[in-house]
Amino acid sequence: MIAALVFADIGIKLALAGIVFFGVLNLAGLHTWVERKQSAIMQDRIGANRASIFGIKLFGLFHPLADAIKMFFKEDFIPANGDRLLHTLAPFLSVFFALVAFAGIPFGDRLMVGGRAINLQVAGIYIGILYIFAMLSLGVYGVILAGFSSRNNYALLGSLRATAQMISYEIALGLSIIGLVMIFSTMDLQQMVRAQGGDFSRWLPGIGRWIPMWGIFLQPVAFFVFLTAALAETKRVPFDLPEGESEIIGYFVEYSGMKFGLFFMTDFIETVLVACLATTLFFGGWQVPYLHPDGFHFPWGATAAVGHLVYVGLGIASFSLKVLAFCWLFMAIRWTLPRFRYDQLMKLGWIYLFPIALVNVLVTAGILAFLGARG
Amino acid sequence: MQRKRELTFLENLYVPEIVRGLVLTSRHFFGNLFIHTAHLVGLMKNRSAAVTFQYPEQKRPLAPRLRTRHRLTVREEGTPRCVGCMLCETVCPAKCITIVAGEHPDPNVEKYPVRFDIDLGVCVYCGYCVEVCPEDAIRMDTEILDIAAYSRQAMKLDIHELMDPKLRKPVPECTLKFPHQCRVHKPVLPEAPQQRSDLPAVVSRNEPPGPMVGSWEAVYGKKD
Ligand code: SF4
Ligand code: SF4
Chain A
137 MIAALVFADI GIKLALAGIV FFGVLNLAGL HTWVERKQSA IMQDRIGANR
187 ASIFGIKLFG LFHPLADAIK MFFKEDFIPA NGDRLLHTLA PFLSVFFALV
237 AFAGIPFGDR LMVGGRAINL QVAGIYIGIL YIFAMLSLGV YGVILAGFSS
287 RNNYALLGSL RATAQMISYE IALGLSIIGL VMIFSTMDLQ QMVRAQGGDF
337 SRWLPGIGRW IPMWGIFLQP VAFFVFLTAA LAETKRVPFD LPEGESEIIG
387 YFVEYSGMKF GLFFMTDFIE TVLVACLATT LFFGGWQVPY LHPDGFHFPW
437 GATAAVGHLV YVGLGIASFS LKVLAFCWLF MAIRWTLPRF RYDQLMKLGW
487 IYLFPIALVN VLVTAGILAF LGARG
Chain B
1234 MQRKRELTFL ENLYVPEIVR GLVLTSRHFF GNLFIHTAHL VGLMKNRSAA
1284 VTFQYPEQKR PLAPRLRTRH RLTVREEGTP RCVGCMLCET VCPAKCITIV
1334 AGEHPDPNVE KYPVRFDIDL GVCVYCGYCV EVCPEDAIRM DTEILDIAAY
1384 SRQAMKLDIH ELMDPKLRKP VPECTLKFPH QCRVHKPVLP EAPQQRSDLP
1434 AVVSRNEPPG PMVGSWEAVY GKKD
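If you read the sequences in order, they're chains A and B.
First residue of the first sequence? That's 137 in this note's numbering, and the numbers climb one at a time after it.
First residue of the second sequence? That's 1234 in this note's numbering, and the numbers climb one at a time after it.
Restricting the straight-line Cα-Cα distance to at most 25 Å, the calculated cross-link-like pairs of lysine-lysine (DSS-like) are: (1) A/Lys-483 <-> B/Lys-1237; (2) A/Lys-193 <-> B/Lys-1292; (3) B/Lys-1402 <-> B/Lys-1292; (4) B/Lys-1278 <-> A/Lys-193.
In short, the hints are calculated from the structure, not lab data.
None of these values were measured; they are calculated from a predicted model.
Given the sequences, and given the hints that come with them, work out the whole structure.
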């Protein structure tokens, strides 16, 4: 009996992990297509549209497939003086840490099936935020090892830049969410999302009922700091100094075939991860505005009851939609802005973002203390 | 000279400027996306969502004076207008025209080209041959731009391809009736071996002439 329950639990967890991986990997793969098409449409071009299967082109959707086939058939090159083991290990480390971080992301509310409550989150970690940030930080090891094991000056330069950039921006990233942690008094992402389900009617009597209590309304400054630092974490333009395609090619200059493909995928997976994080922390995760477990409670007084499955489904849809919107935004930013210079990057990180985040924490603490004292 | 301008406070904040940039690119994105979607359902066909041309299917309009692949203009009875005066061969800076003149039965014409070859691998498209021709016999208005081949031999045009721009290599059969020398009637020579720098340069890049085929009777009918 107990064994059956344990097996059921393991099965549920495996299914959840499968769903998350399926979603994330497909989204990351699709990003190569989105990248080509979105940039093309933004620049008044058509974009890749030649890959066809039996004459079916489907807006160039077969290009990711063609890319993957090409990657697998390319020579797997290891530099003669490079470290074989580390050189092989690096891309796997990169992609591994990017993928496991998704375990902490809640993508839906509790699902009740047959008297069993399933938290729609792969691992309900009590300190989810710390876990995800730890995985994000560990991701830089793949980059460092790649540059180090290649025995190539440019690769090493790229990984040094990556290290400097990651360390500078992780501080701002960490500080930017402290305000939220203080407000919600939790590090559990699922609870944090649940806490964002309320509204501001307690503090703003008139219009407060219209505004959902999402992180962005509580911590607007932190949101911008977080967004900037998180974009820097993904190592994409305008923060692509570790790659610097036009100058040093970067830490993966000595990689070919699918190992290069893994680095490429890691960038996209991290973009999706950052989109998930921004959604979870600042845009209410799976919360739908005015939707409560028993149905809609619109601010003008109307209510509409919805079933449990619909409620959970709407939550998942809302989460996916927000993540996709962020993915679009990141892609738009990537194709709009030029690359920072190294000194500009450091200046932005240390002279602007870090103090702003710090002041934000102080101000938040002050307001919380004031409100707390008032009761 | 424009020195670097000091940024204003708002510009220094980055965020408003970034939003401005994003608005610009997003306007293009959504505008073009709208037109693409309209195209899918068959609307707004007259507006293009892209400034690019889908090349092999969709050709760019060419300027009327653009110099493209050569052609020899043709008389009514199917012989070249060229009178074999050799002016173009003489003026050609790339020395890529080879003409062998023959006697024309019409005393007013005097001469005509038995052989007319242009090596497009050497031609610089200067258009001097067109300028110099007294008979308007050679023109560069075929609008053929995709001149490419896998060998140097295949870059050489003979009188067939010059008189009929629609012909593409390999020319299947000889359709010219007047007496001439053409590649259709003899095997194409293999690529010449690499030139050695210590030997004197080969002057003629062109292959030796083939046999003479065709007759004036076929063009003008039997003389009475
Ligand atoms: S275009 Fe110039 S180079 Fe070419 S065949 Fe004519 S004269 Fe010679
Ligand atoms: S200049 Fe004109 S007429 Fe004279 S040989 Fe050349 S093509 Fe013929």
